[in-house]
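Peer 1: So in full-length UniProt numbering, the last spot in the sequence shown is 392, and the numbers never skip.
If you are wondering where the hints come from, they were derived from the structure by calculation, not from laboratory data. Glycine included, each C-beta is placed from N, C-alpha and C at the ideal position. Please note: incorrect hints may appear among the correct ones.
Here are the simulated distance ranges between beta carbons [as the list claims (entries may be wrong)]: (1) Ala358 / Ser47: 17 to 27 Å; (2) Val15 / Asn362: 48 to 58 Å; (3) Lys288 / Asp3: 33 to 43 Å; (4) Asn13 / Asn68: 14 to 24 Å; (5) Val15 / Asn122: 28 to 38 Å; (6) Asp81 / Leu241: 47 to 57 Å; (7) Ile368 / Gln203: 45 to 55 Å; (8) Thr235 / Asn14: 53 to 63 Å; (9) Gln231 / Leu281: 16 to 26 Å; (10) Pro70 / Asp183: 32 to 42 Å; (11) Leu281 / Asn228: 17 to 27 Å; (12) Asn14 / Lys196: 40 to 50 Å; (13) Phe69 / Ala358: 27 to 37 Å; (14) Asn362 / Thr262: 40 to 50 Å.
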Amino acid sequence: MNDLRTTFKNTFNNVAESSICFAPGRINLIGEHTDYNGGYVLPAAISYGTYALGVKRTDQKFRFFSENFPESGIIACDLKDLSFQQADQWANYPKGMIQALKNSNYPIHTGADIMFYGNIPNQAGLSSSASIELVTGILLQELFHFEADKLTFIQLGQQVENAYMGVNSGIMDQFAIGLGKQDHAILLNCKTNDFKYVPLHLQEYEIVIIHSNKQRTLADSKYNERFNECQEALTALQTVLPIQHLSDVSLQQFHAYKHVITSPTIQKRAKHVISENARTLQASTELKNDNLSAFGELMNLSHQSLQEDYEVTGKELDTIVHTAWKQDGVLGARMTGAGFGGCAIAIVAQEKIDAFKANVNNTYRQTIGYDASFYTASIVDAAKSLDIASNQ
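Could you build the full structure based on these sequences and the hints that come with them?
Peer 2: The following block contains the structure:
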């Protein structure tokens, strides 16, 4: 904390005591590509995240600096013009959040100096963008002394992604980061935004995140393609069922009516979404009952479905997950996030983690040609101010 405060003072030549906030990243334990189909997801906030330090200014200027992108230097803008600018790169996320709060009539009347530092692995699909949005919201609340609940920040964060950044994403990332709870996952109904906390008692196991280190070049185009394929499946099933979303269809109904989806590919896409929704509900029950091994089996089935029916895994993630399945002390493993690169997660016995990392990485390097990266994550609380703990 003190190191960050020193960097802040040196960067901005501002000796005022800065407020400091933290927002976690997130993993999705199960429930992949169900969110935009009105289904269930089971995310959790993780110990990797984004720190933001800020001091209010007396003028209308905002100045941003990131320890992660020092080569970008200080990026500045005016309170009167917070519009998206390609040249502002990562700083568009905090700018978008400031604009969203201002447009919602929160009292932001002056500028601020704001510094960010994040330890979420780059290009990992662990929601670094939503983490920046939420930490900016919490920091502004500290600096400008206004009242706003977590749900407001969650909804504004999604608004920033959709309307400001132009990314067609659901609300899961902001939800996990804004309402996360230590040692709990969140069972979120993406149709209604109803949610409940599910205890995550890992006992002698840990969640290991395995980053493929593959550039996710295909992710956006393929994501939109899958989105459209799901719409096609929904339109076909709506001719025989009174449904609004693919997630409204039970597995039994799907098997009875799948013939109305004439394309075998589109049929496979629907099968994944409908079966994954059922797996996610089952997974939350297994966690409530402290049945980690049954939960792990559902993770494995989820990956299989994402590989064979939804076809979003790719050679890198398949190599990681298939190798993980063969290791001692592994209860389950699957890709997490949109796919086509990014990360996988595994539940691994603590005493086997070193061997797990070595074995999985050896096979990965031999098959793919470069190393994977490994992170052990704990499940933490939502975005918050750290000012009370600033002397620690």
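Peer 1: Indicate, hint by hint, whether the structure satisfies it.
Peer 2: Against the structure, the hints come out as follows:
no., hint, in the structure
1, Ala358 / Ser47: 17 to 27 Å, "holds (23 Å)"
2, Val15 / Asn362: 48 to 58 Å, "holds (51 Å)"
3, Lys288 / Asp3: 33 to 43 Å, "holds (41 Å)"
4, Asn13 / Asn68: 14 to 24 Å, "holds (21 Å)"
5, Val15 / Asn122: 28 to 38 Å, "holds (32 Å)"
6, Asp81 / Leu241: 47 to 57 Å, "holds (49 Å)"
7, Ile368 / Gln203: 45 to 55 Å, "violated (32 Å)"
8, Thr235 / Asn14: 53 to 63 Å, "holds (56 Å)"
9, Gln231 / Leu281: 16 to 26 Å, "holds (23 Å)"
10, Pro70 / Asp183: 32 to 42 Å, "holds (35 Å)"
11, Leu281 / Asn228: 17 to 27 Å, "holds (26 Å)"
12, Asn14 / Lys196: 40 to 50 Å, "holds (43 Å)"
13, Phe69 / Ala358: 27 to 37 Å, "holds (32 Å)"
14, Asn362 / Thr262: 40 to 50 Å, "holds (45 Å)"
Checked against the numbered hints listed earlier, the structure breaks hint 7 alone; every other hint is satisfied.
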